[in-house]
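Engineer: What follows is each chain in one-letter form.
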Amino acid sequence: MPNAFALSCGLPVSRPRNIVLGHGSGGRLTAQLVRDLFLPAFDNPALRKLDDQAVLPVDSGRIALTTDSFVVTPLFFPGGDIGRLAVNGTVNDLAMSGARPLFLTAAFILEEGLPIGDLERITQSMAKAASEAGVSIVTGDTKVVNHGSADKLFITTAGVGVVPDGISISASNARPGDAVIVSGTIGDHGMAVWATREGLEFEGHIESDTAPLNRLVHAMTRAGDVHVLRDPTRGGLGTSLCEIASSSSVGVELDARAVPVREEVRAACEILGMDPLFVANEGKLVAMVAESSADAVLAAMRSLPEGRGACRIGRVVAEHSGAVIVKTEIGGSRVIDVPFAEQLPRIC
Amino acid sequence: MKYVDEYRDQKLAEKLAGEIRRAATKPWAIMEVCGGQTHSIVKYGIDYLLPNEVELVHGPGCPVCVTPLEMIDRAHAIARRSDVIFCSFGDMLRVPGSNGDLFQAKASGADVRIVYSPLDCLRIALANPQKKVVFFAVGFETTAPANAMAVWQAKSQGIGNFSMLVSHALVPPAITGILESPDNRVQAFLGPGHVCAVMGYREYEPIAARFHTPVVITGFEPLDLLEGILLAVRQLEQGRAQVENQYARAVEPGGNQSAREMIRQVFEVCDRGWRGIGSIPGSGYCLREAFRDYDSERVFEVDTIHAPEPEACISGSILKGLKKPHDCPAFGRECTPLNPLGATMVSAEGACAAYFNYGRQLVRLPAMEGAS
Amino acid sequence: MCLAIPGKIVELEEEGSMRMGRIDYGGITRQACLAYIPDPQIGDYVMVHVGFAISKVDAEEAARTYRYLAEMNQLEEIAAPETPPEAMP
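Chains as they are written, first to last, in our numbering: chain S, 1 to 348; chain Z, 1 to 372; chain A, 1 to 89.
Keep in mind the hints are simulated off the structure, nothing from the lab.
You can trust all of the hints, since none of them are fake.
With the C-beta cut set under 10 Å, the calculated list includes, among others, these residues of chain Z facing chain A:
id, residue
1, LYS2
2, LEU12
3, GLU19
4, GLY36
5, GLY139
6, THR142
7, ASN147
8, GLN153
9, PRO192
10, VAL195
11, ALA197
12, GLU227
13, ALA248
Ideal Cβ placement from N, Cα and C applies to all residues, glycine included.
Start from the sequences, fold in the hints, and give me the full structure.
Structural biologist: Spelled out as structure tokens, the structure:
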């Protein structure tokens, strides 16, 4: 006998244009989303099984594991979107240990009312980024929260990679004498995002530099003795250098004139009163490399598009342990320190 | 960038530093008035290029720092209203009042927005007719023409849901106040370049004469500051006390006539309090009666809260140039940018914050290798 | 307040009754209000603060002061003992 309390609507479920709470309920709407949106985009054998977990083969070696959350606003900005950022950001966190990134997870928290078209664009973007980086998105999750409880869309990822034997790269491995190298211009991503914020728009070719760096890292580790790798995301290059100086108990000397900044990014920073050293990047790395290897590592970097702007910007020293000292454009000195919070535009 | 890069030339900086070393035969204390000048000095390490004889004293040219606590509390109270969109320059967002800062107000649901220009507020007001848009107009004379235009446009376009919370400060009365102080040690000033681009520099002439103190109107790039310091040292060495214009490419003696006229139409001079210093007569702007409908202090009834400044804070002495951040026992310890005790730490332009952010509590920089 | 940046006027516009301009800062452009600049011309450089041009850059004045600095650069060093500046004051 049919359960009198099992209410079900006889109407067929048509394809809604916006995310509704039902999409996160685990029922038919969720299944529809996975089947029609996520699966075609991310398609791979593990994901197709649609198990609660992905069971994956790995080579022997050490596993690198990372997790990250992406909450950027706006969702779409010049040069990328939150999806691309999520994939590249996770790949890069793994790559900074010298690991070969392999598998990613993607958990979505969606705000009720999010246009499904936006979710589709973001998902396609993630698929493309994963393919470029050579990784697979093998499992995920979807939750929906009430309108107002999330800023459109949040993505949380985990990433798994394998670190080959013989590689030991860590923020605590910098040694006095090491060359400090950056893979290209800084401040691009942060200024691209600021440029799209209301009231601060300007026209110009400022694009996010979001990019996967695993291929670059691979070329670097084959070319020479890499001690430290860091991708300076929020907080910028300056923050990363301070963290490394502290972890390794070394001093860092930075040559302000050597730090590459695109003309447009510099102009935007001048207008807003911001310092490029503390503006976010999403497709750059800073490395500390044994001085004897530095030229070879630089050559290897410059042979790849994502490393064509690579250059020396300073060196690691034994003095002033934990402090990063900048030789300024006019030959003065200043110490830089980790900022307390995100840099804001100033008018004074 | 044209008119920027040329003024950051290292060789010329070294030459100017060399000239300063040659010119200074006695110790001199020179105050740079503007927060932006302080910022530049610390960012480029300019004071490290100077001889021992020349001491730079950081002045009160940080309008954010000197905004009275009562005004900040008033701003926060208005921002927390559900019918208000509160707009501000980025500088003010982290300044704490008696109960947190604007970021915390935002976290509790207040609609707080960073704007780059006061005109952005007019656009927000037109787009949100059901809300009251308030702009926190903090600044020296440099910002007054922009703020005046916003109010003037609001009135002429009848944008009834826009108002301005005004906290403008004027430089000449502040300089006079410093020079009148019995324990003043400042012997020359680097005058505020962009304030003078608007106002001209005539009003500094009586001050220079009365106190026999040179005032060199100076720009903000490293070469401007070094040249300004050189001109000031030469005046001091020669016993002169004139107003000199280092920043002639942007400043004329009479300033910007149309900007001054708009300021005159919209604002009038009034007394105001300076955080850390106290009340200075005739040192602020308020909106004229004709614009009272656009004055947030009239539009919103807000109780003021009086809160004493923490005893440990010596901001007043620092703003007057009597002490340096290192002289304060709380500097870098109880008092940090994350937990500022007073005026000079609350904003990135304050002397204490500038010193802190440029790491001067961390490490003694090695002696310069001799610039030239 | 102090932060004003020099930029070149590349376009003149009107917004309502306000004279506006598009300013090039070396790679990026942004609108600014030119109401306080008498007779602005394309190609003029202006100092812009919070979206308002507050003065023109006097190219002759800039060239004059810069020439003075550059000439100083060519002066011979006076051979006098130089004391290196101290570290923190």
